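Asks: With the hints as constraints, model all of the structure from the sequences given.
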Amino acid sequence: MRVLAVDDVGPALDELRRLLCAAPGVEEVETAPDALAAVRLLQAARFDAVFLDIAMPGMDGMELAALFTRMTEPPAIVFVTAFDEHAAAAYQVGAVDYLLKPISAERLAAALDRIRRFAAPDPTTSRPPVDALAAVPIELGGRTRFVRRDDVRFVEAQGDYVRLHTPEGSHLLRIPISRLEGHWADAGFLRVHRGFLLAVARVRELRSDIGGGLLAHTDVGDVPVSRRHARELRERLLDAATKGVFE
Amino acid sequence: MPVVRAPLAWRRGARRGADAMAALAAGRRIKHDLRAGIGGAGVASAAGGLRALLDVDAVGLAGLDGPPVWSGPPAPDADELVERVRERDARAARDGVVALPVHVHDGLAGVLVIDGDLAGGAAREAAAWVGEALERAQLEASAEVAAQAELRALRAEISPHFVYNSLTTIASFVESDPERARDLMLEFAAYTRHGLARHGDYTTVAGEFAAIEAYLALARAVHGEKLRVQVRIAPEILPVAVPYLVLQPLVENAVRHGVEATGREGLVQVAGEAQGSECVITVEDDGPGMDPGYAAEVLAGRGRPGHLGLVNVDRRLRSVFGPGYGLIVETAPHAGTRVVLRLPRFQPGVVVG
Chain G
1 MRVLAVDDVG PALDELRRLL CAAPGVEEVE TAPDALAAVR LLQAARFDAV
51 FLDIAMPGMD GMELAALFTR MTEPPAIVFV TAFDEHAAAA YQVGAVDYLL
101 KPISAERLAA ALDRIRRFAA PDPTTSRPPV DALAAVPIEL GGRTRFVRRD
151 DVRFVEAQGD YVRLHTPEGS HLLRIPISRL EGHWADAGFL RVHRGFLLAV
201 ARVRELRSDI GGGLLAHTDV GDVPVSRRHA RELRERLLDA ATKGVFE
Chain W
1 MPVVRAPLAW RRGARRGADA MAALAAGRRI KHDLRAGIGG AGVASAAGGL
51 RALLDVDAVG LAGLDGPPVW SGPPAPDADE LVERVRERDA RAARDGVVAL
101 PVHVHDGLAG VLVIDGDLAG GAAREAAAWV GEALERAQLE ASAEVAAQAE
151 LRALRAEISP HFVYNSLTTI ASFVESDPER ARDLMLEFAA YTRHGLARHG
201 DYTTVAGEFA AIEAYLALAR AVHGEKLRVQ VRIAPEILPV AVPYLVLQPL
251 VENAVRHGVE ATGREGLVQV AGEAQGSECV ITVEDDGPGM DPGYAAEVLA
301 GRGRPGHLGL VNVDRRLRSV FGPGYGLIVE TAPHAGTRVV LRLPRFQPGV
351 VVG
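So the protein sequences, as listed, match chains G and W. The letter at position 131 of the first sequence is residue 131 when you use our numbering, and the numbering goes up by one with no holes. The letter at position 292 of the second sequence is residue 292 when you use our numbering, and the numbering goes up by one with no holes.
Worth double-checking, as some hints may not be accurate.
Claimed, not checked - Between beta-carbon pairs, the in silico distance windows are: (1) W/Arg264 x G/Ala23: 41 to 47 Å; (2) G/Gly94 x W/Gln347: 33 to 39 Å; (3) G/Leu41 x W/Glu175: 31 to 37 Å; (4) W/Glu278 x G/Pro224: 54 to 60 Å; (5) W/Ser277 x G/His217: 22 to 28 Å.
Hint data in this document are derived by calculation from the structure and do not stem from the laboratory. Here the structure is a predicted model, which means the values were calculated and not measured. Ideal Cβ placement from N, Cα and C applies to all residues, glycine included.
Replies: Encoded structure:
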């Protein structure tokens, strides 16, 4: 990924460049101290994404982003700002994400994930029909039975297999966890850890011992949540609760 | 507060029972109509109510300028009578039409015009009654403004003690553990962002928990292994609206009692769950506890300075959610302290800004 970072505050720009360079999947990082320099760089070469400060003298980030919308192949825009008051306007000009300063490496990684997802070809064409795996076949004592996706609280990766945890016990299924994630993401399952896929609506409690880890508690066990996914899980839980999913 | 007397005896023929009830109800409706003052939206309806109650041809209500708002056919030359009342602050009458000054807090606030056959005493009484209704409306409006202002003034501030402790701790890590210093700086940013937010008066339980987790991460850096922390939260309470910074002072208190005061190891537990239509959040420490009598003094605002955080939270909760929603402190010497906060899960009028 080729990325351009724009910020008028020197230390902030250095920090952004350092974080971007350290992020996996980012091959090249250019920087610009103002909108004009950014426009010059964008004319000279193609970028996949632009990380853009909003408050800058002269042309600000918002105005610069509005210019991008006229390009034939506009880069993905991620705003980087100190306040969250611009968020609504940012999404209006088509921003992919909105980062608050100072930025954490985890949050930056999540933004880069979003950019990749936006850049990927339309997933609806390549993805199987939504309910293709609403129930999955399990071999048990030589017999085949089906486990309903709605009964699954969380999925645990075990090599090429996954273990499906349900109130009636756990079942092994031969599928990589990332593939199951692809099938079940639209059905309310969220990857909260490298080795765990969680049914968001089944979370009874979030438990954290500050400094240690974060756990999502369900009626069939606790699921570890990695720092990188904590924010998204919290957002999804708030969203689900607002919709009354837990009532 | 002035007493608003119901105009029982005005209506000719009004007796006991149904008539009296109807008169009382009408009086209450008029009072309600006058809530927004004599220039308010309800004034035409108030004039209509008075006209029915007094059983006259027309009633007009005017403020300190402009023509009266009428119920019934406007009396001819009434505008001139109104002007005379405004100039001289005294009753004026002509051809069965009478205009009377309406006083609020002893000052002229408007004019009541009555066109119809009515005993002179009844007209004066009606003007006095309208004045009192307006007075009461004004008091209610200013009480509401005062309550809002109090809520804003009580809004918790970020504790300077905590800010400098955090910065000192972060500074100490800059060379020895830059990665840690950076993480803590991010927590500090998250914490102050929440504390400095000025979008509205309310946030969500989710926002408050995020802020206390940032706070606790910093507190843990300040106190090291001595401070142990557990936070548990049920997802269904995440969207509940709360005033900004109601949890953090309780958690800071627990850290102070449980660890700072004793110097030994301490456990702080924060838990939030739904119980029926309420959201219950508890903040608990296993520190030395205190005499329950002293806890009551603290909540009454008579504790040592530095314990004002609790009082502040208690008052804000009561002011927003009603007197039944203050803090509950469960404590005894050598038994730790547990502070319980109850919130209604759905509160009309409380909107996250």
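Asks: The structure should be examined with respect to each hint, and the outcome stated for every one.
Replies: Hints, verified against the model:
no., hint, verdict
1, W/Arg264 x G/Ala23: 41 to 47 Å, "holds (43 Å)"
2, G/Gly94 x W/Gln347: 33 to 39 Å, "holds (36 Å)"
3, G/Leu41 x W/Glu175: 31 to 37 Å, "holds (36 Å)"
4, W/Glu278 x G/Pro224: 54 to 60 Å, "violated (31 Å)"
5, W/Ser277 x G/His217: 22 to 28 Å, "holds (23 Å)"
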